[in-house]
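Student: Protein sequence lines, in the order shown, are assigned to chains A and B. Letter by letter, the first sequence follows residues 1 to 298 of this note's numbering. Letter by letter, the second sequence follows residues 299 to 682 of this note's numbering.
Do not take every clue at face value.
If the Cβ cut is set under 8 Å, some of the chain A residues that face chain B in the computed set are [what the hints assert, rightly or not]:
id	residue
1	Ile-37
2	Pro-51
3	His-63
4	Arg-112
Once the Cα atoms are required to be at most 25 Å apart in a straight line, the calculated SDA-like pairs of lysine to any residue come out as [to be verified]:
id	chain 1	residue 1	chain 2	residue 2
5	B	Lys-657	B	Gly-671
6	A	Lys-81	B	Glu-489
7	A	Lys-82	B	Pro-501
8	A	Lys-82	B	Ser-638
9	A	Lys-82	B	Asn-354
10	A	Lys-196	B	Val-340
11	A	Lys-86	B	Asp-500
12	A	Lys-81	B	Gly-671
13	A	Lys-58	B	Tyr-493
14	B	Lys-584	B	Lys-604
15	A	Lys-86	B	Lys-584
16	A	Lys-58	B	Ile-502
17	A	Lys-81	B	Gln-344
18	A	Lys-82	B	Pro-488
19	A	Lys-257	A	Lys-81
20	A	Lys-81	B	Thr-351
21	A	Lys-82	B	Val-340
22	A	Lys-82	B	Leu-456
23	A	Lys-81	B	Glu-353
24	B	Lys-585	B	Ala-548
25	A	Lys-81	B	Gln-480
26	A	Lys-81	B	Ile-502
Which stretches of chain A does chain B cover? Using the computed rule of at least three CB atoms under 8 Å from a CB of chain B, they are [claimed, not checked]:
id	stretch
27	38-50
28	53-61
29	71-84
30	103-111
31	180-192
Since the hints were derived computationally from the structure, they do not count as laboratory data. If you're wondering where the values come from, they're calculated on a predicted model, not measured in any experiment. Beta carbons are placed, not taken as given, at the ideal position from N, Cα and C, and that holds for glycine.
Read off the chains here:
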Amino acid sequence: MVDKTLELFDCGHRACGGCGAALAARLVTKAAGTDTIVVSSTGCMEVFSTPYPETAWKVPWIHSLFENAAAVASGIEASLKKQGRKEKVVIMAGDGATFDIGMICISGAFERGHDFTYICYDNEAYMNTGIQRSGATPYDASTTTSPAGKCSFGNKLPKKDMPQILAAHGAPYVATASIAYPADLMQKIEKAVNTKGPCYVQVHAPCCTGWGFEGDQTIAVAKLAIETGLWVNYEMVDGKVVKAKKVVRKPVEEYLKTQKRFRHLFKPKRQDAEIAAIQAMADRNAEKYGIDIKLRKE
Amino acid sequence: MMEITEGSHAVAEAVRLCRPQVISAYPITPQTHVVEALADMVANCQLDAEYITVENELSALSACIGASAAGSRTYSATTSQGLALMFEVCFNAAGMRLPIVMSIANRALGAPLSIWNDQQDSISLRDSGWLQFYAEDNQEATDLHYIAYRVAEDHSVLLPAFVCFDGFILSHTYEPIDMLSQEDIDRFLPEFTPYERLDAADPISFGMYATPDYYLEFRYEMDRALKESKAIIQNTGKEFARMFGRDYSAMVEGYRLEDADTAIVALGSICGTTKDSIDEMRDEGKKVGLLKIRVFRPFPTEDVAKALAHVKRVAVLDKNISLGAKGAVALEVKDALYSSGIPVKDYIIGLGGRDVRKKDIKAIVALVEKGQGDMFYGLRTEVL
Numbered sequence: 001m002v003d004k005t006l007e008l009f010d011c012g013h014r015a016c017g018g019c020g021a022a023l024a025a026r027l028v029t030k031a032a033g034t035d036t037i038v039v040s041s042t043g044c045m046e047v048f049s050t051p052y053p054e055t056a057w058k059v060p061w062i063h064s065l066f067e068n069a070a071a072v073a074s075g076i077e078a079s080l081k082k083q084g085r086k087e088k089v090v091i092m093a094g095d096g097a098t099f100d101i102g103m104i105c106i107s108g109a110f111e112r113g114h115d116f117t118y119i120c121y122d123n124e125a126y127m128n129t130g131i132q133r134s135g136a137t138p139y140d141a142s143t144t145t146s147p148a149g150k151c152s153f154g155n156k157l158p159k160k161d162m163p164q165i166l167a168a169h170g171a172p173y174v175a176t177a178s179i180a181y182p183a184d185l186m187q188k189i190e191k192a193v194n195t196k197g198p199c200y201v202q203v204h205a206p207c208c209t210g211w212g213f214e215g216d217q218t219i220a221v222a223k224l225a226i227e228t229g230l231w232v233n234y235e236m237v238d239g240k241v242v243k244a245k246k247v248v249r250k251p252v253e254e255y256l257k258t259q260k261r262f263r264h265l266f267k268p269k270r271q272d273a274e275i276a277a278i279q280a281m282a283d284r285n286a287e288k289y290g291i292d293i294k295l296r297k298e
Numbered sequence: 299m300m301e302i303t304e305g306s307h308a309v310a311e312a313v314r315l316c317r318p319q320v321i322s323a324y325p326i327t328p329q330t331h332v333v334e335a336l337a338d339m340v341a342n343c344q345l346d347a348e349y350i351t352v353e354n355e356l357s358a359l360s361a362c363i364g365a366s367a368a369g370s371r372t373y374s375a376t377t378s379q380g381l382a383l384m385f386e387v388c389f390n391a392a393g394m395r396l397p398i399v400m401s402i403a404n405r406a407l408g409a410p411l412s413i414w415n416d417q418q419d420s421i422s423l424r425d426s427g428w429l430q431f432y433a434e435d436n437q438e439a440t441d442l443h444y445i446a447y448r449v450a451e452d453h454s455v456l457l458p459a460f461v462c463f464d465g466f467i468l469s470h471t472y473e474p475i476d477m478l479s480q481e482d483i484d485r486f487l488p489e490f491t492p493y494e495r496l497d498a499a500d501p502i503s504f505g506m507y508a509t510p511d512y513y514l515e516f517r518y519e520m521d522r523a524l525k526e527s528k529a530i531i532q533n534t535g536k537e538f539a540r541m542f543g544r545d546y547s548a549m550v551e552g553y554r555l556e557d558a559d560t561a562i563v564a565l566g567s568i569c570g571t572t573k574d575s576i577d578e579m580r581d582e583g584k585k586v587g588l589l590k591i592r593v594f595r596p597f598p599t600e601d602v603a604k605a606l607a608h609v610k611r612v613a614v615l616d617k618n619i620s621l622g623a624k625g626a627v628a629l630e631v632k633d634a635l636y637s638s639g640i641p642v643k644d645y646i647i648g649l650g651g652r653d654v655r656k657k658d659i660k661a662i663v664a665l666v667e668k669g670q671g672d673m674f675y676g677l678r679t680e681v682l
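Isolated chain A, as found in the complex (with noise of 0.2 Å):
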């Protein structure tokens, strides 16, 4: 059982007020526990955590580089099951250190079976660089690298499946997550940690200065993204979605309203095709993922 009363993710952090990722390292450690070992990889999370010579971090922790951090934990895992420790080994990495540049290792790690929980912390793009685009940067979302213009709507490609790449990696538990269901997240969180071998959530964290919303407004827009079926709550265990989160859903631009990221998609007109587009997207992942609450008729 997760002790809700146990803070790893110590106050003083230099995280900005609304912070989605932080939040989410906070529920990820009470729900790890104290016989954890954090490794971050380079990123927002890394940087506003451990200012030298103060640390937020009050379990064990590493970082090295941006792209490793799935190695880094292989070695680690390794000498632990060599000394006979039993501590357990998590990865906190952003979207940009996951989907992007940590690719190879990831992979690697994972067939190799290493027994460590792999959290994505997806704010859907690269923020602690001044928010560039990544592989988890939504369709049409607008960021520095993929701005919207007068011939174009933002970020041209969908967001890249990373969950369903580990599942077919041989993960034995595979989980989305978000930060505006924290009894599910913390739930998710002790199931990977406790399943033997590769196991891997993606926790979306909304991050108020890179998708333009007010930072009182994070766990209302995360909770849009579920309502609206841009985002999925489900788990996976041995590559069979065995549980999803059921909604009434909203229209999609419910969801994109809250955001100056998708502000060109209705200023200074609005844009019926490209809203259209991921109305698509949205039924499609209700579909795929049986997500919509049917209500009865009257």
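Please arrange chain B on chain A, whose structure you already have, making use of the hints.
Tutor: Same frame as chain A, but now just chain B:
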């Protein structure tokens, strides 16, 4: 016990005796025989280690970082392109003060692709904070591994170390080697006791980020540790000599240098050829000697200056080139001799496996006597 063994297998055996707990390896010519031999030892219960078959060299060294930080003695081996792929991991391992030992079977860097020997790979990592040992023969290649672990893990050093042995020339050559026993090495090399480790019972943070208020001091401390490691290297070498009779306490080693007018400076296997050609030149009445550099990082500046103080001229053999400048060894030697006025000439030789023979060494001595140097030696004439 004397055995006739291939260099790579001798190195693997030396590594086994050091009892590494985590080995992380990716194959690359001419390093492969080392990691294959270690895999075989693990498969046959001759070595009780976790052996991670990683997907590339960047991960090989990254896994060593994790394992070392968690408290294990770690080992990897690579060369050339593999070492180049590890570039940022090398700086990182040193910055985190993790005493990883890695064998480098020295090889050229592409393009053009070359699998053959020179020392461009490890020399290019000279600024990374790793200790760099260079072996002349396979006896030295094996012995330097024991010494490298002892020095790297010393709590006043805590820096990783390369043990460099020339690809093919040493790695694939059979030589008689006096292999030490497990009891010998257990007496010489104590169990690894990490200075700090990742431990849930006593949480610390590794690899934090430093603002401009702190970064400079971290680099200073690494530089200081490297410089102070000279004394540790000497003492460790002396102890090794006391126990096993072979003396590696000096970071530089003279050969017929005491009364020499012309000194050749070199590192690695070329020192053997050079010694043979010096013997022949001595027979002809030429006063030539060799200064072999065994430790390139930390660079033994004072030792070099002292050893060469009496010579009239110096020829440096560089199996590397800092393109647009000079060979890296010559730059260091010039620095060491700066105030002496002794002329130092640089000869870029043997790149990409070009054979260097006794006649080439003699030709270089003839060139330096005429004051000609700072050149590539032995170029095909069509490029001139």
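Student: So, for every hint listed, does it hold in this structure?
Tutor: Here is what the structure says about each hint:
no. : hint                  : result
1   : Ile-37                : holds, 5 Å
2   : Pro-51                : holds, 6 Å
3   : His-63                : holds, 4 Å
4   : Arg-112               : holds, 7 Å
5   : B:Lys-657 / B:Gly-671 : holds, 16 Å
6   : A:Lys-81 / B:Glu-489  : holds, 18 Å
7   : A:Lys-82 / B:Pro-501  : holds, 20 Å
8   : A:Lys-82 / B:Ser-638  : violated, 54 Å
9   : A:Lys-82 / B:Asn-354  : holds, 22 Å
10  : A:Lys-196 / B:Val-340 : holds, 24 Å
11  : A:Lys-86 / B:Asp-500  : holds, 14 Å
12  : A:Lys-81 / B:Gly-671  : violated, 56 Å
13  : A:Lys-58 / B:Tyr-493  : holds, 19 Å
14  : B:Lys-584 / B:Lys-604 : holds, 22 Å
15  : A:Lys-86 / B:Lys-584  : violated, 67 Å
16  : A:Lys-58 / B:Ile-502  : holds, 8 Å
17  : A:Lys-81 / B:Gln-344  : holds, 18 Å
18  : A:Lys-82 / B:Pro-488  : holds, 18 Å
19  : A:Lys-257 / A:Lys-81  : violated, 49 Å
20  : A:Lys-81 / B:Thr-351  : holds, 16 Å
21  : A:Lys-82 / B:Val-340  : holds, 13 Å
22  : A:Lys-82 / B:Leu-456  : holds, 22 Å
23  : A:Lys-81 / B:Glu-353  : holds, 20 Å
24  : B:Lys-585 / B:Ala-548 : holds, 23 Å
25  : A:Lys-81 / B:Gln-480  : holds, 24 Å
26  : A:Lys-81 / B:Ile-502  : holds, 20 Å
27  : 38-50                 : holds (count 4)
28  : 53-61                 : holds (count 7)
29  : 71-84                 : holds (count 13)
30  : 103-111               : holds (count 6)
31  : 180-192               : violated (count 0)
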